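Asker: For the sequence shown, my numbering gives the first residue as 2, with consecutive numbering after it.
FYI, nobody ran anything at the bench for these hints, they're computed from the structure.
Note that the structure is predicted; figures quoted are calculated from it, not measured.
Do not rely on the hints blindly, as some may be mistaken.
[Claimed, not checked] Just the calculated beta-carbon pair ranges, DEER-fashion: (1) Glu146 to Ala44: 20 to 26 Å; (2) Arg89 to Pro119: 21 to 27 Å; (3) Arg154 to Arg315: 17 to 23 Å; (4) Ser121 to Ala383: 33 to 39 Å; (5) Pro226 to Gly272: 51 to 57 Å; (6) Pro346 to Arg12: 34 to 40 Å.
We put the beta carbon where it would ideally sit given N, CA and C, even for glycine.
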Amino acid sequence: MWRCALPPLLRYPTVDELGARAAALVARHPADARLRRAGTSRAGNPLWLLSVGHGSRQALVVAGPHANEPVGGGTVLRLAEQALADPRLTVEADATWNLLLCLDPDGLRRNEGWLRGPYSLDRYFRNFFRPGFAEQPEWLPDGAEAAALPETRTLLALQDELRPFLQCSLHGVDVGGGFVELTRDLPGLARRVAHTAARLGVPRELGPYDTLYWPCLGPAVYRIPPPRRGDLAAAITEAAVESTWYHPHRHGTVTAVVEAPMWGVAAVEDGGTPADAAAVLRTVSHTLRRDARLLEDVLARIRPQVSDAPDAARLLAPVEDYLLVGPGLADAWDPDVIDGGRPLPPLSTGHLAALRIAGRRLALRTAGLLHQLVTRAGADPAGALPELDRLIDIWCADYRDGFGARWIPVPRQIEYQSRVVLAAFELAARHAPACSRSGEPGWGSEAAVPMHRE
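Given these sequences and hints, build the entire structure.
Answerer: In structure tokens:
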């Protein structure tokens, strides 16, 4: 029976708690675990790599690539404990687990307004933070050689150093269901995902909006196509953007992007044929355009007052990204828009639910960021806060009552994601060759320093 070395996590870990718990694991298992500083974030936070085992075959697991998706931190800690307790995951597999505790610790700190709970939709969106697209460390809009963020360069360096047979990028879906995206097929994974989801009561998302044009490898498992250049909306809806998911492909790495939901929606698992898909698409598209116009008006009214507020530039960047992308997505989904764009594939009821959720997500994230801008400015001469509060309350109620969104407890999110990672590990390891790289340069006997002491 596997036994936890540390008390189980009942809520999401903060940046400091991640470092402290990892350091405690290393102190308990100094012969088999080590912690090294792989890099430093823009704000000076350490990027900690926790490694377990001494095998020649390297697995790399990346937590926290998106600032508002904290489940991966709990997952890597759980995976470390499992690898320490089960020699089948290390010695017998000739494997080393390399667990990056958080790729964007600066962004995770900005989410601490909701991170500790209690967990409710309105509290999440009012305290939500995710940087603009250009500041998301997995994205390589200008290719790896031009990577500007230190977090991105750290991850690229780890990929080239370790040459992992498997890379898992741990993501979280705020509202919807779980799914996996792969750079190469792992036959049998869809069945494992289905079993895990059924055991834990986690809905599978059978048609995520960002996989509409991607090959389906099985229910809730999709193949990421090779990246190609295009405009922002096309990159999101039609093909993979240049990213760190594909960078280690040259080393024979298969990347699995593992999405675990926070609030589950049963409708995303409905593979049935809708009665009138075109009508639903028109409603989704028109609603997204209407919401974007409402929020553009709010932004125009508050911009003169909030431009000098603390962190205004960091908060405005994602607002402007969402308002830019929203109309493009609305056009891509609208059956009445004929402009030479790519036609939509056949859509299930689950696809339509995912599109409705995605449109609402863009509006809620934008409203939440605008709310923070006004609050931090310390004044609201435009009278925007009551309007933003009303919109956030209405749209969260729509998620809760209209979509039936239900909270999935943090331990269950972690259990779901860790089981999917272990399934991907087992399947990928069957065909992975031994590697001469240890992934342990200079780990020696120096003491690990937890984040909260730096």
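Asker: Can you give the numbers of the hints that this structure goes against, from lowest to highest?
Answerer: Hint check: 2, 4, 5 fail, others pass.
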